[in-house]
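Sequences are here, hints too, so could you generate the full structure?
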Amino acid sequence: MIDTMRSPTFTKLIFNNLSFYKAANLWVFAAVTIAAMAITGALFIGDSVRFTLKNRAVGRLGWVGSAMYAVDRWFTAELGLRLRTNLNSSLPNAQVKTTYAIKLDGSVAKPDETGRANRVNIYGVTHDFWNEKGREKFDTLPPKNALINQPLAEHLNVKPGDEVIIRIKKPVALSFELPISLQENAYVGMRVRIHAIISGKEMGNFSMTANQLPPFNLFMKYDEIAKAVDKTGMANLLLCNLDSWAISGGRTTNLLTESLTPDDCGIEFRLVRDNLAELRSQRVFIEKAVCDKAVALANSEKWREVFDTNAIFILTYLANLFSRDGKQTPYSIITAANEPIVPANLKDDEILIIRWLADDLDAKPGDAIHVQYYLPDAGGKLVEATNTFRVAAIVPHELPWFDKTLLPEIPGLAKAESTQDWNLGFPLIHKFRKKDDDYWRDYRGTPKAFISISTGKKLWSNRFGELTAVRFRIKNNQTNKATLRQFATDLVKNCGAASFGYSFEPIRANSLIAAENSQDFGGLFLGFSFFLVVSALLLVALLFSLNIERRFREFGIYMAVGFSHKDVAKLVFYEVFAIITTGAVVGGIFGMLYSKLMLQFLSTVWREVSGGMDWEFYGSTASFCIGVCSAILCSFIAVFGTIRRLKNKSIKNIFQQGIAAPSVTADTRKSNPFRNILRTGIPMLLIALGILNAVKLIVTRQFSGAEGFFISGVLLLSGALMILPTILRASSTASLGYTGMTSLAIRSAARNIKRTVLTAGMFACGFFILVSVSVFRLDVGKDVKNPSSGTGGFDLIAECSIPVIKDLNTEDGLNNYGLDKSSVGNAFFVPFRVKEGDEASCFNLNRAVRPRLLGGDWRLLTNRFTFSMYEQKINVNSPWELLNQVSTNYENGLEIPVVPAIGDADSIQWSLGKKIGDTIDFNDEFGHPFKIKIVGGVANSVLQGNLIINEEIFRRLFPGESGYKFFLIECRHSDSAEVAKTLSRAFSDYGMEIVTTVRRLVQFNAVQNTYVGAFQILGGIGFLLGSVGIAIILFRNVLERRNELAVMVAVGFTEKSVRRLVITEHAIVIIAGIVIGIIPAIISLLPSITSESQKFSLRFVVVLIMASVVLSYIWTAVASRMALKTRLTDALRIE
Amino acid sequence: MGEDNTPVLILEGIKKAYRLSSTAPMLQVLNGIDLVIKHSDAVGIIGPSGSGKSTFLNIAGALDKPDEGRVVLDGEDILGLDDTALARVRNRKIGFVFQMHHLLPQCSALENVMLPAIATKDKAYIKASENRAVELLKRVGLGERIHHRPYEMSGGECQRVAVARALINNPRILIADEPTGSLDQKTAESLANLLLELNEKDGVTLLIATHWLEFANRLKHVYALREGRLFQQK
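Chains as they are written, first to last, in the numbering used here: chain A, 73 to 1207; chain B, 2 to 235.
Think of the hints as simulated: they come from the structure by calculation, not from any bench. Even glycine gets a Cβ: it sits at the ideal position worked out from N, Cα and C. Be a bit skeptical, because a hint or two may be false.
[As the list claims (entries may be wrong)] Listed next, with one range per pair, are the computed distances between beta-carbon atoms: (1) A/Ala802 - B/His212: 40 to 46 Å; (2) A/Arg751 - B/Pro49: 37 to 43 Å; (3) A/Gly985 - B/Asp83: 35 to 41 Å; (4) B/Asp83 - A/Arg751: 35 to 41 Å; (5) A/Asn748 - B/Pro49: 47 to 53 Å; (6) A/Val1190 - B/Tyr152: 53 to 59 Å; (7) B/Glu145 - A/Leu665: 38 to 44 Å.
Here it is in C-alpha cells:
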C-alpha cells in the first residue's frame, strides 16, 4: 500500500522495491539464512562442547578445588583438620573445607563372574566428601554396602540390592618391586551390596583427571575400607575446596608443611636404648634428602646440645646366602654402617662377621666370604649378585653389633615368629636348617655380618632411599619422648611437604583449562559445513545476480532520469543490505536448531567422536554475533561483484543487456595461435601426467601411497576442466551433419562457454572433493603384524588396575602368576610403568593438560612403529634412542630436568596441541618440577593417549609407581585370542583388560573416519543444495533466449520439445561435470578400493551420484517450467 | 522554459563506430553529425531501422558518448563531465522518453512521474514537485489515474506517464526515441498530438526519432539519418 499522504522518497523507493520483488528477494533471503544457520550453528556447537565439558568438569568435582593424592603414601586422617585450621587462620575469608579419603585401584565383579569391571576407583569416604545431593544417599549407607556410579552400574548391569565382589590391592609400606617386600598377591576381597546408584550431580563421577568419560567409581564408608586395608586412621587422599590461586605458591605449601606431623610422613624418631635415638621410616628406606636433613638438623644450634653430631648411618639388607668353601648360611641379615658399628678403616672389600657366622662357615679373619643377594631395584626382576669380601674381624655377640634393632620393620619379615612365617616377594630356594630357625627364634633379625656404609650404599641403596636408619647418640640423658618427637617434627618442617611427596594439584583449574582448550568443534563443524555455506553463498550470488539482471532496464530508467551510477548502486546496496541482514539474523536464530541437531548426531550417529556423551546446548552471544556478522560479510562479498558490475556498466549497456542480452559475448580479442596452443597443450599435459602417475603407481603396486593417487586425481580434474572450453568451442563450430535434439543441445551448451564450464566445474570439483576425501579414512592396513605398522607388530594391549611386578618375559616371572612360556605361546611382553593422567587420545575431547606417562625400555621398541616426526638435530640410530637424551633447563635459578617423550603423532598434535620440541610442565613424586619434551611422534598407532619416557627416568621421577600396568604383547607362536584368554584368567585379580591392537586401532580410526563421514554427509547436503544453482542458471538461460525459443515454436517445435531441449542441454552439462569429477575421484581412491578392509564407501558415491542426477533433473524441470510459463510466441510480439 | 533562439543543444562532428567481433570491420554508425537545436524547436530524426537513430539520440541524451565530436547542452560541454555531473544534467536538463514506457511497476503513476525529483534527494524539492507531478498528469490526461499502477493502465496511458516523467524537472529538451513505436495507431496518434501540443503550447523543445513519417512531417525540422550523416528534409 502506498502512503498517499507522504511524498515518495529514496527510502520509500527502497521499500517499494523490496515489497514488489519480495518473491525474488525471498530466495536470496533463504540462501543467506542457510549460510548464517550453518556458520552460527557451527559456532554454537563449539560453545556447547566447551560448555558441556566445563559443566562436566565442575559437576564431577563438586565442591573440590584441589587434591593431594599421595598414591602409596599415607598420612593421618587428622591432617585435613590441621590444614583447614591453619588455612582458615591464614585466609579468614576463604572458609576452607577439607576432607580426607582413601582411594585405591581395584576391580569389581558380579559374584557369578558374568560381569567384571576393571580399573575401578574404590573410595573410602566420609560424610564431608559429598555435596548436599550426594550426602543423602551416603548418610543412609549401611555397613557392607556401597554406592556405585551410573557408568559402573551400566557396565556391570547391576542395580541397588545386587551384590558385587570388590578386589583391592592391599597397600604395603614397601614397594612390591623390592625383593624383600611382601609377596605380590596381597589382596583384599570384599563382598558388598549395592545400596544405591549415585549420579554425576551427586558427585558420583568424581575424578581428578580431565577426561570427558566418567570413570568407574565405587564408594564405601571410610571406616570399612580403612579397616579392610589396615589403614584405620590413615588416608592417602586429601581434598580441599580452595582453587589453585590459593594453593599454589609458597604460602599454602608452607601451611601444608606446618600442618604435617611425623606420623603423616611415616617417620619416627625413637629411643633404641639408653642414649641412642634412631630415625626410621615406615617405608623401611629413608630418602636421601630426609637423611641429609636429619643430620643437618642434629648439627643445628638448637639440637647440637641434645645430640652427638656424629650420626650413625645404617643400611640393613637381606643376604640370600653367605658361602665359603662349600659351606653355606642361607637368608641372613647384613648391615652396612659407619662407626662405631663398622670401623672407619674397614675397606670396601672387607667384612665383619659375628661369631655365629664364623662358626657356621668355619671362617677366620683373612678368609674370603661370598655374599649373594638380590639387587634391590631391578624393576621387579630377581637379579642376583654376588660380592666377595675378606673377613676383617670376627665380632662378639655384643653391642653394637649383636643388635636386633638394626633390622627395620620389613613387612613379612620383622614380625615373623619363625622362618616358616617369612613372607617375601621371592621364593626361598635355600633350605633353612634347624640352626637357622633357632637363630631366628632367639635373635630375630640380628645381623650376622657388617660392611662399610659406603659399600652398602653402592650395593643396596635404591630409588626409595639410601638408608634404613640414622642414629644419634643423646647427650646428657635428654631422652624424654617429647624431645624426640620434637626433633621428628622439626625434621618434617625442615624437609617440607614436597620431600614426602605431598603437594596439592589444582584439579578444578586444570579441568577448566582442559575444557576451555578442548577440541575446537566450532572450527570442525565450520569445516564440515563448508560445502553447505559455500553452496548457500553461491546461491546468494547467483540469485542476486539474476534478480539484478532482470531489473537492468529499471536501473537504466533510474540513470536516464538522473540517478547517478553511485545512486543506483546505493539503492541496490540498501535493498540487499536489508535482505542480507534480516536473513543473517534469522539464520543465526535457526543456527540454534542446526546446532541442536548436530549435537544430537554427535550423541548418536557420530558417537565415536564423543564417546556417546550427551551434549548440552549453549550458544554464546559472541558466537551469535560472529556468526551473523560473518554471514553478512560473506553474503556481501558474494553480491559485491554484481553491484560493482552494475556500477561500472554504461547506461547504454544496462539498457541493452539484462534478460534479453545476447547469450554469447562477442570475443573481441584477436585470435592468438600461441594462446590456442597453451589452451590445448597445458590441459593435455596435465591429463597425461595424471594418467602416467596413476599407471606408474598401479604397475609398481604402491597402493599404500594415497597421496600419489590423490595428486593424479587432481591433475586429471584440472586438465579435464581446462580442456572443456576447447571441446565446447569445437562442438559449437563443427558441422552437425544430421541435427538431432541432442546435438542441438550440445550446441546450446556451448553458447556460453564460461557459464557452462562454471556449472560443470562446480559439479566436478564438488564431486571430486566429497568422494576423494575418503582417502583420509584411516585403515588398520593389511600388514598388522609388521613391526613398522600402527600396531608395532604387537597383537595385544593389556592394562591393569593393580601393577604386575614380575618380568613376564622370564619363566620365573610367569610362574609367579601360575603361567609358563608354553601357556602364553611364548608371547613377548613389553611392559610399561604408568603415571596416570589425562587421556591424550582422540577419545578425550578435553585438552590433555597432564597426559598419561608410560615408562618403558626403549630398546624393546627399536624398529617398531613408524615415525612421522622426530627431532632430527640429534644423530641417533633409532628415534627411540632420543628417549635417553635428558637435558636441563634453568628457570628462576632452578635446574629443571627436561625429559624426552615419544607419543602418537596425532595425539601430540590434536590432543596435546603440541609439536616436536614443545614441552609440558610436570611435577615428580616429590613435587619437584620437570618438563616433558616431545621428541618424536609415531604415525597412526596404538600408542594414542600416552607419552612414553625412558623407564629409568620414570622410576627416578615416580618411585612410588611400582610395577607395570600397561603391556604391549606380541603373540609369536599362538593364537592371540587364546593368549588373551589365558592372561585374562591369570590376571583377573589384577583387573587386567586385554584388547587386540587391531581393535584398538579400529576404535581410534573410527573417530577420524567419523569426522570424514560427517564431512561427506554435510558436504553432500551442501553440494546438493548447490545444485539448485543449476536451476537458477537454467532459468536465466531460458529468459535470455526466450525470443529464439519462441522462433522455434513459431517454425513448428512444440513447447514440450523446447522444454525437453532446455532440460537436455543442462543435463549434458551436469553429466559432464559428474563424469569429470568422478573419474579423477576414483583414481585418487584406488588405494582404498584395493584395500582389503574396504574402507572406501561405494554406497556413498552411488548415493551422491544418484541424488545429484535426480535433484538436478528436478531443479531443471521445475526451472524450465517456470521460465517457459508464458507462451513463447508472446515474446515475438514484443520483438 | 528557456530563452528564445538560444541553442539548447549543439552537436558537432559526432562520430560513433562499433566492431561486432574480432574479425568484423568497424561499423561507422555516425559519421560526423552536426545539429543545433534551439529552444522550442521540434526536431525529428527519421531513418530506416539500424541507421543509428537510437545511437544518435543516446549521445544527445547523455546516455552514451561519441568517439569524436562535441555535445554542448545549454552552453555546457557535457562530454567532459564526470558521472555525477552527467547524472545531474540528465536529471535537470534532459527528459527522455523511450519506445517502451519503462515505468516502474512497483510505483504508482504519480511516483513514476516524481522519479526524477526523487533523484535530486532534495526533500523540499521533492515535496514541491508533487503538485507539479499532479499537474503534469492532468496535462497528459491522466488526472484520474494518479495512484494507478502501470499494470492498471493501457500502453498508451503508460507512455503518457513516461512523457510526464520526462517533464517533471522542467528539462531544457525532451528527447524521445520512437515514442509511438510500441503503440497502436490510435494511441500513437494521441501521443503524437500530446507531444506536439507540449511543443506548440508549452514551448517544450523536442528531439524525436521516429520512422513514422506522418508524425515526422508535423515537426518543425526533419532530418534523415543516412550512412551516418544527417540530411535535412525539412
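Now for the hints, and whether the structure bears them out:
no.: 1; hint: A/Ala802 - B/His212: 40 to 46 Å; result: holds, 42 Å
no.: 2; hint: A/Arg751 - B/Pro49: 37 to 43 Å; result: holds, 42 Å
no.: 3; hint: A/Gly985 - B/Asp83: 35 to 41 Å; result: violated, 56 Å
no.: 4; hint: B/Asp83 - A/Arg751: 35 to 41 Å; result: holds, 40 Å
no.: 5; hint: A/Asn748 - B/Pro49: 47 to 53 Å; result: violated, 40 Å
no.: 6; hint: A/Val1190 - B/Tyr152: 53 to 59 Å; result: violated, 26 Å
no.: 7; hint: B/Glu145 - A/Leu665: 38 to 44 Å; result: violated, 52 Å
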